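**Student:** Protein chains in written order, with this note's numbering: chain W, 1 to 472; chain D, 1 to 122.
Please keep in mind that the hints were generated in silico from the structure rather than gathered at the bench.
Please note: incorrect hints may appear among the correct ones.
Dumping the calculated DSSO-like pairs for lysine-lysine here, alpha-carbon to alpha-carbon at most 27 Å [what the hints assert, rightly or not]:
id: 1; chain 1: W; residue 1: K385; chain 2: W; residue 2: K452
id: 2; chain 1: W; residue 1: K81; chain 2: D; residue 2: K83
id: 3; chain 1: D; residue 1: K8; chain 2: D; residue 2: K31
id: 4; chain 1: D; residue 1: K83; chain 2: W; residue 2: K365
id: 5; chain 1: D; residue 1: K86; chain 2: W; residue 2: K117
id: 6; chain 1: W; residue 1: K32; chain 2: D; residue 2: K8
id: 7; chain 1: D; residue 1: K29; chain 2: W; residue 2: K452
id: 8; chain 1: W; residue 1: K365; chain 2: W; residue 2: K329
id: 9; chain 1: D; residue 1: K86; chain 2: W; residue 2: K81
id: 10; chain 1: W; residue 1: K385; chain 2: W; residue 2: K247
id: 11; chain 1: D; residue 1: K83; chain 2: D; residue 2: K31
id: 12; chain 1: D; residue 1: K86; chain 2: W; residue 2: K452
id: 13; chain 1: W; residue 1: K32; chain 2: W; residue 2: K115
id: 14; chain 1: D; residue 1: K8; chain 2: W; residue 2: K452
id: 15; chain 1: W; residue 1: K32; chain 2: W; residue 2: K385
id: 16; chain 1: W; residue 1: K452; chain 2: W; residue 2: K365
id: 17; chain 1: D; residue 1: K86; chain 2: D; residue 2: K29
id: 18; chain 1: D; residue 1: K86; chain 2: D; residue 2: K31
id: 19; chain 1: D; residue 1: K8; chain 2: D; residue 2: K29
id: 20; chain 1: D; residue 1: K29; chain 2: D; residue 2: K83
In silico negatives: residues of chain D with every beta carbon more than 10 Å from chain W [said to hold, decoys possible]:
id: 21; residue: K8
id: 22; residue: G18
id: 23; residue: R19
id: 24; residue: G23
id: 25; residue: E30
id: 26; residue: G39
id: 27; residue: S55
id: 28; residue: T63
id: 29; residue: R85
id: 30; residue: S109
Quick caveat: nothing in here was measured; it's all calculated off a predicted structure.
Glycine included, each C-beta is placed from N, C-alpha and C at the ideal position.
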Amino acid sequence: MKALIIFRERDCGWLREFYPGHHPAMVTICNKPLLEFKLDFAMLCGCTEVRIVVDESGPDIETYFAGGERWGLDISYSLMKADESIDSLLLKNSTFCHAVPLLLIDGFLFIHYDKAKGCDPLAGVDTGLLSSCASGTVLVTEDIRCMKSISDGSLAQDFALSPLTCLDDLFQISLQVLEAEQAHYVLPGYGTDRGILLGQNVEISRGVAIVPPVIIGDNVRLLGNAQIGPGVVIGSRVIIDSGTQVKRSIVQQGSYLGRELFLSERIISGDRVISPRDGAILDIEDGCLLSPITPQTPGYGGRVVGTLLAMLLAAVWVVPYYLLAGLQKIQHDWHLEYRNFLLTERGDCLALPVVRNNRHSLAGKLFSALGLATFPLLAAVIRGKLLLVGNRLLADHRANRELLRGFPEYLPGAFAYSDSEDVLPGSMEEEIAERYHAANRGLGHDMRILQKIVWSNTSAHATDKPAQSLPL
Amino acid sequence: MEITSLRKTNSMLLSLQGRFDAGAADDFKEKMRTLTAQGVACYVIDLSRVSYIDSGGLGSLVTSLRRVREIQGDIRIASLSDKVRKVFELTRVYRIFDIYDSSESAVASYQAEAVQGVPLCI
């Protein structure tokens with residue numbers, strides 16, 4: 001048997017606000033990704049091959065599940081357009097689905113099952129069965145060609161579906177699994193006592209009280225007199241400081257909880273307190289109360305080289321820049337203004353100088369041909385605020401903020417990646433170039449791009465692209 | 001990069017082999033331009049033997065798609081290797097192309113549309 005597991009953005013997109021930077025399929029229930037529960041269920045049904053289909057990019061899914069070796073499964077991945085019909089999906093994956101029993105899980109839902117009971121959804125049926133809930137469907141068929149004859153009905157009592165349509169659904173299911181169904185699933189951690197699961201490298205200081213049921217992830221520190229539980233899920237890389245009480249709550253990975261706090265019926269994510277009932281988010285600015293814990297990542301070595309190159313370029317360009325700028329100023333053809341540009345997907349901004357000049361005058365042509373409009377940006381590169389080579393600077397407005405929400409690799413530079421390619425500004429090709437190079441960025445790669453831009457002189461500043469230099 | 005074309009019922013199957021980079025993109029665009037000028041509008045591009053694709057290659061696919069859509073045609077992609085699929089995912093090109101797991105199913109999709117009466121330009 002094979003399994004086709006489908007995630008549609010229209011069903012699960014609501015979760016992105018609460019779970020930024022991750023595909024909703026990777027949201028955890030009792031420290032285990034939702035998708036992993038589905039894989040376990042597929043294995044229980046006898047599947048050996050699984051294909052995961054998404055309509056919104058999810059590189060973290062593939063990083064975590066890879067080829068499925070850890071689960072003894074053969075996992076493959078496929079992409080689809082938004083709102084693809086089941087028929088169309090089956091046709092597009094016909095080599096995978098052809099002439100074998102198929103388990104199809106379509107939608108954002110949780111499947112309740114019991115690993116001890118097993119599951120044979122096709123037992124005693126000829127063509128197949130279908131089970132639905134508000135946010136999805138589970139379909140089992142001997143052959144996809146028989147799909148039309150499958151009627152909606154209740155599957156065997158082996159499993160039940162719960163829709164995931166809001167944060168409260170997710171919260172309640174997490175507590176349900178923790179409090180009533182812990183033994184039904186394979187959950188991460190080892191049990192020291194009934195109802196308590198501990199991850200690796202958990203430090204429990206003297207005086208800490210743990211009241212089951214509680215699940216604790218890896219690399220967690222619980223400091224003196226903290227009271228954890230009942231009904232608490234703590235993710236990995238979490239510190240709970242002394243005297244803090246946590247009850248019926250979820251503390252997501254990478255969170256620090258300060259001293260003497262009391263939390264009940266809440267989700268804690270970094271410096272955010274989320275009320276699952278109404279989805280209200282409270283951002284805590286005081287790092288002594290709540291703060292995110294992020295693992296240290298190696299720095300981008302290219303910044304140092306970029307800074308040195310920016311200094312070199314600044315030294316070369318300083319004379320022609322001021323000479324030509326002065327000349328254009330006299331002709332009233334030159335103006336420097338500051339505009340806000342987005343620096344990160346989170347919406348951090350920086351005011352940067354933008355040159356507006358007449359490019360048709362002789363001085364303007366020379367100014368553009370030498371790429372001098374980049375010169376004012378070099379100061380930001382030297383200050384470490386901007387990369388020398390990076391993504392195109394995007395002005396701070398709503399459409400660009402929306403665009404960056406789905407572009408976590410975005411890091412702007414004085415020279416834009418797409419300037420190295422012959423693409424139209426604002427076109428799909430430009431977006432492809434920006435995303436492609438951002439995903440492949442590195443010192444060598446960026447230097448090649450810089451060389452290409454300088455060599456071909458296709459800099460945005462020499463064309464009409466909406467970049468740092470704009471025509472008057 | 002090698003481009004092999006094979007006329008199928010209701011569509012043209014183009015099999016690409018080798019590195020689909022900015023250099024090969026010009027050859028691909030030229031091939032598409034020639035075929036489109038001959039009135040071919042429905043294409044299946046088999047990428048199973050493409051070992052490498054960059055933004056130039058993807059850009060040429062998008063440019064060609066835009067051109068064939070002007071004559072109510074389509075380009076459907078078939079048999080992505082893992083490496084190429086990751087690039088499609090990173091650059092989000094999958095949002096505009098229909099991607100099939102084999103060229104047979106992509107060709108069959110045109111045939112199915114023809115049976116259903118969807119007009120095809122070839």
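**Student:** Holds or violated: W/K32 and W/K115, Cα atoms, limit 27 Å.
**Tutor:** Within the cut-off at roughly 15 Å; holds.
**Student:** Could you check that no beta carbon of chain W comes within 10 Å of the beta carbon of D/G39?
**Tutor:** Its Cβ never comes within 10 Å of chain W, the nearest being 25 Å, so this holds.
**Student:** Does the structure keep W/K32 and D/K8 at a Cα separation of 27 Å or less?
**Tutor:** With a Cα-Cα distance of about 47 Å, the restraint between W/K32 and D/K8 is violated, given a limit of 27 Å.
**Student:** Would you check the hint for W/K385 and W/K247, treating anything up to 27 Å between C-alpha atoms as holding?
**Tutor:** Violated: W/K385 and W/K247 sit about 42 Å apart, past 27 Å.
**Student:** Within a Cα-Cα threshold of 27 Å, do W/K365 and W/K329 meet the stated pairing?
**Tutor:** holds, 14 Å
**Student:** Just checking, D/K8 versus chain W, shortest CB gap more than 10 Å?
**Tutor:** holds, 16 Å
**Student:** Going straight from one Cα to the other, do W/K32 and W/K385 come out at no more than 27 Å?
**Tutor:** Roughly 37 Å between the alpha carbons, so the hint for W/K32 and W/K385 is violated.
**Student:** Can we confirm that no CB of chain W comes within 10 Å of the CB of D/T63?
**Tutor:** violated, 7 Å
**Student:** Could you let me know if the closest chain W CB is still more than 10 Å away from the CB of D/R19?
**Tutor:** Given a closest Cβ separation of 15 Å, the condition holds.
**Student:** Over 10 Å to the closest beta carbon of chain W is the bar; see if D/E30 clears it.
**Tutor:** At roughly 15 Å from the nearest Cβ of chain W, D/E30 sits farther out than 10 Å, so the non-interface label holds.
**Student:** Quick one: work out the minimum CB distance from D/S55 to chain W and report holds if it exceeds 10 Å, violated otherwise.
**Tutor:** violated, 4 Å
**Student:** Measure nothing beyond the straight line between the CA atoms of D/K29 and W/K452; if it is 27 Å or shorter, mark the hint as holding.
**Tutor:** holds, 22 Å
Hint check: violations occur at hints 4, 5, 6, 10, 14, 15, 27, 28, 29 and 30; the rest are consistent with the structure.
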